[in-house]
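Novice: Sequence:
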Amino acid sequence: MATTDTQGGYHPPSGYLGNLSSEQQSALDRLKKELKEQKETEFALEGEDGFVENRMGDAGLLRFLRARKFNVPAAKAMWLANEKWRKEFGVDEIVRSFDYHEKADVDKYYPQFYHKTDKDGRPLYIERLGSLDIDALYSVTTPERQLKRLVYEYEKSMTERLPACSAEVGHPVSTYCTILDLKDVSIRSFYRVKDYVMSAASIGQDHYPETMGKFYIINAPFLFTGVWAVVKPWLDEVTVAKIQVLGAKNKDVLLAQIPETNLPKSLGGSCQCHEGCSLSDAGPWNRS
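Our numbering applies: residue 396 is where the sequence shown begins, and numbers increase by one.
Keep in mind that the hints were calculated from the coordinates and are not lab data. Warning: the hint list may mix true and false statements.
[What the hints assert, rightly or not] For lysine-lysine, the following DSS-like pairs were computed, each having C-alpha atoms within a straight-line distance of at most 25 Å:
1. K627 with K644
2. K428 with K479
3. K637 with K589
4. K646 with K627
5. K503 with K543
6. K578 with K589
7. K498 with K589
8. K482 with K551
9. K471 with K431
10. K637 with K660
11. K479 with K427
12. K551 with K503
13. K428 with K482
14. K464 with K431
15. K503 with K578
16. K543 with K498
17. K589 with K543
18. K644 with K578
19. K637 with K464
20. K427 with K464
21. K514 with K646
22. K431 with K479
23. K471 with K482
24. K627 with K464
25. K543 with K482
26. K660 with K644
27. K543 with K479
28. K471 with K427
29. K589 with K503
30. K514 with K644
31. K498 with K551
32. K627 with K589
33. K660 with K514
Given only the sequences and the hints, what does the whole structure look like? Please build it.
Specialist: Now the structure itself:
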C-alpha cells in the first residue's frame, strides 16, 4: 500500500495507517476478522462480540501488531490479555470516576506530568525521579492509587492528548516524548519504589504498546550509565534507538527536540506556567 502524504509533507512510518505493506495489511485484516468473530469467551463484554470498536480501530490494532512484529496470533493474544486486564483492573470505572485529590501533594514529592509538546507534535511527559521523597509520598497516597492515576492519565492521553496533538500538527500523533530526570536520585529511594516503577513499566508495555517516540534519561549518575551499558545489548534495537542516556550536560540535546518555550525552566527551557509546569497540564488538549 502506498504511503499517504498529509499536511506538511508528513509520511507515515512503515506499519502505520497510510503506509502498510501488503503483508501488514493482510495481518491487520486477519486480526480484525478474528477479533470480530470472537464469541462468548471469558474476555468478551456482555452484549458485544469481544471487539470494542471505539477503542480498537485500525490505528489501535496496529499498535498491538507492531508490538508483536505483525505476528497475528501473538498480537491477538496480547490484545485479549489486555481486554482481560482492563476488566479486572476496572479501567472504565477509573476513567469515569477516579478522583486524584492528592495530586498537588504528590507533585511535591514525585513530579510526574504532561506538559506541552516536542517539535514533532508529541505530548511531552516528564518524570522527576530524583525528587522522590518516598516517606512523604506514601503519607499522602498509596502505590495502588499511583497506578490508578497512571492508567487514568494513559487513557486521557489516548482519548484527548494524542487526538488534540494530531489536530494541531495536521497528521496522526501516536507517541510521546518522555524525559526521566535522575538528578539527585537516591538508590535507596529508588529501591523502595522499584515495585511501583516495575508495575508502571509493565502497564505501559503490555497495555499501551508502541507509544514511545523519544525517551531521554537525563542527569544519569555514573552507576546508571554503567548498568545501561550492560542492559542495552539485550534490548530491541528499535527501542534502543529511541532512548538517549544523558548526564548533566543535556540542555542542547533537549532543545534540539523540544521548543525552548515548551520546556520547563527547571530543565533548561523558558516555560514558567503560572500554577507551575508540573500542575498546569498545558498543551493543545488544554487551551483553557
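Novice: Run through the hints listed earlier and report the numbers of any the structure violates, in increasing order.
Specialist: Those not satisfied: there are none.
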